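Trainee: Protein chains in written order, with the working numbering: chain F, 1 to 420; chain S, 1001 to 1263.
In case anyone wonders, no lab produced these hints; they're calculated from the structure.
Values in this document were obtained by computation on a predicted structure and should not be read as measured data.
All C-beta atoms, glycine included, are put in the ideal place defined by N, C-alpha and C.
Wrong hints could be hidden among the right ones.
Said to hold, decoys possible - Below 25 Å or equal to it, Euclidean Cα-Cα: the simulated DMTMM-like pairs (lysine to aspartate or glutamate) are:
1. K270(F) to E1097(S)
2. K282(F) to D1119(S)
3. K195(F) to E1120(S)
4. K270(F) to E1172(S)
5. K270(F) to D1119(S)
6. K281(F) to E1097(S)
7. K195(F) to E1121(S)
8. K195(F) to E1128(S)
9. K195(F) to D1119(S)
Unchecked claim - Computed footprint of chain F on chain S, listed as stretches where at least three residues anywhere in the stretch have a Cβ under 8 Å from a Cβ of chain F:
10. 1075-1089
11. 1102-1109
12. 1114-1123
In case you want the letters, here they are:
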Amino acid sequence: MKALRQFFGANMRQYALFGFLIVVMAFFAWQTGGRTLHSENLQNIIIGWSYVLVMALGMLFVIVMGQIDLAPGSVAAVVGICLALSIKDWGFPWWAGILFGIAVGTAIGMWQGAWLAYIGVPGFITTLAGQMLFRGLDQHISNGQSVPVPPQIVKIGSGFLPDWGPHTGFNNPTLVLGVIAMLAVIYREIRRRGKIVRGGGVVPPTWVMVARLATVVAALAILTIAFANGRPGTSFPVAGVIIVLLVIFYHFVETRTTIGRGVYAVGGNKAAAALTGINIKKVYFIAMTNMSFLAAVAAIMFVGKSGSTGLSDGNGWELDVIAAVFVGGAAVSGGVGTVVGSVIGGLFMSILSNGMFVLGVGSDWSAMIRGLVLLVAVAFDLYSKAQGRPSITGAIMRGLRSRRKETQGEEQVRPEVAKI
Amino acid sequence: MIGVAQGPLLAMHGISKRFGAVEALTDVDLEVHAHEVVALVGDNGAGKSTLAKMVAGALPPDSGLIEIDGEAVTIPTPAAAYNLGVATVFQDFALCENLDVTANLFLGREMHGALRRSDEEMERITREVLHRLASRIPSARTPLAALSAGQRQSVAIARTLIGSPRIVVLDEPTASLSVAQTAEVLTHIERLREMGLGIILISHNMTDVRAVADRIEVLRLGRNNGSFSTQRASYEEIIAAITGATRAEPPWQPSGAPLSAVG
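Using the sequences plus the hints, can you model the full thing?
Mentor: If you want it as structure tokens, here you go:
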């Protein structure tokens, strides 16, 4: 038990969710004879669900600050049609179309942020209105037509990295990315350990670190190979690279910036945040703007994947996104949740859907099962909170936590300070 | 710390505040010196918390003069109060339970570089402050939700020591605490006084007030209603002033002179 706790360290909740993800993947791989783990299917998951993963990053901050955004699907639809028409009718080059689409999305976000922050209309209402407003705007602009987008944008949505270098039988850029990811994980772990030691903290024994790193590196290696050995011309999708970059950026915002801290403070105790001088209006405004900015990014990837805009673009997206964030461990009451957790939550829901699809489960059962998963995930959240524990899947690891007193986590302060 | 020996650290003159038809404060005076704990007492609605919020920058007065170290100041925001060296512990624990001890200590005034917060530096200072207060917080990284009410109040008090405060305002710091926790908080208050700060303690609890305060200022219905030296005044006298059985006669003891030399 002690060894397990040390192995998982401070991010136990995320590891638990990640563990669930592996179990679900293994289950579907077993049931489908390994078909779900084929590179083509993995690529399909990333490309098909990229919009949910991207928007989950924005929705996380909105939910953590105690609000909700019901409009990103409609916003994405408007961005998609603006992007496509600006290229087709106005003769914008493809990159200018992208910039225009992002500008439109950001402007819509500022509109919604202003209603929430400066006029005080609750986010639920502001964005419910926005959902109708921008859905109507999309229909008005598109006039019912489907507008194709140029191949560069298709590449962003569903393209692959170009292969180069020696003929290895694998996709070389994917291999390089995989190696970079492994090195980054190792570097971070060693640096973090060094920091704790310098700060006078207690670190777990070396073998724990080695075992942990070995597990993560092995998982990364499997994924790298899986993505790299697909049909010639395929690789880790371009959309996946964009998502990874966004995750790194927003993880940094969450854990290391003042505005990130402000979002958590506003969600944790709004009155306290105001008394300590945090600018609540600014936090609301930025988080809502950011959400629609990401809806614009998602829209670009989605119309790229589809090859053209469509009238049903963005329909019901907000529900998938909100579900992903809550499955990923965000608390309904705000103040709790992580970027990495939300991405894992999104991956969890996408792998679940994809696995059931490959298994031939009908969309009726698929929807019911996903609904139940969401319900159970949030119930765990509430249950573990009632138990006085931080949250969510931590409840599943309760057996380990009960020994907390004996095995002070690796993040403890110097014992002599703690004792005084 | 700040070595102004003679003049008051904080002086408030003729402070008034109305909320619509209600006169919350009328022409109130208050002075606090370094190395002094001034207790602000009074019945519910006497205007104690309103006065505290003005010092904290959470509520501007309608009229009146606030001086810090002899200089007239305005305190429009909590950030301005912080820059003037005023730190406040609000009545309802103004802390975020979802964040850890360090995050709460630096909430709203995070140290940061060009891009990122300086988390290591903030954590180091947190440990130092907790050590100075001799508080029983297990770790600077403990989430507030895992602490007892008393420990949370310790965190709220530790928060006042971030930066270089000169004046600390404590609004009902012991209101919802157990006996042992109250004792711990009172010890913290004494330690703040030893550090040379001027402290305003708002409390309903006469036992607490008499245990740590040097001077007791009574508010009644938004007006000054007496000033007492803790050592000389009797319990009955203070209660009488709070309930209005005695009125402050015009030449009542002006609050300016330090009644007891503590040092």
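Trainee: Compare the structure with each hint and give your call.
Mentor: Verification of the hints:
no.: 1; hint: K270(F) to E1097(S); in the structure: holds, 11 Å
no.: 2; hint: K282(F) to D1119(S); in the structure: holds, 22 Å
no.: 3; hint: K195(F) to E1120(S); in the structure: holds, 9 Å
no.: 4; hint: K270(F) to E1172(S); in the structure: holds, 20 Å
no.: 5; hint: K270(F) to D1119(S); in the structure: holds, 22 Å
no.: 6; hint: K281(F) to E1097(S); in the structure: holds, 21 Å
no.: 7; hint: K195(F) to E1121(S); in the structure: holds, 12 Å
no.: 8; hint: K195(F) to E1128(S); in the structure: holds, 18 Å
no.: 9; hint: K195(F) to D1119(S); in the structure: holds, 12 Å
no.: 10; hint: 1075-1089; in the structure: holds (count 5)
no.: 11; hint: 1102-1109; in the structure: holds (count 4)
no.: 12; hint: 1114-1123; in the structure: holds (count 6)
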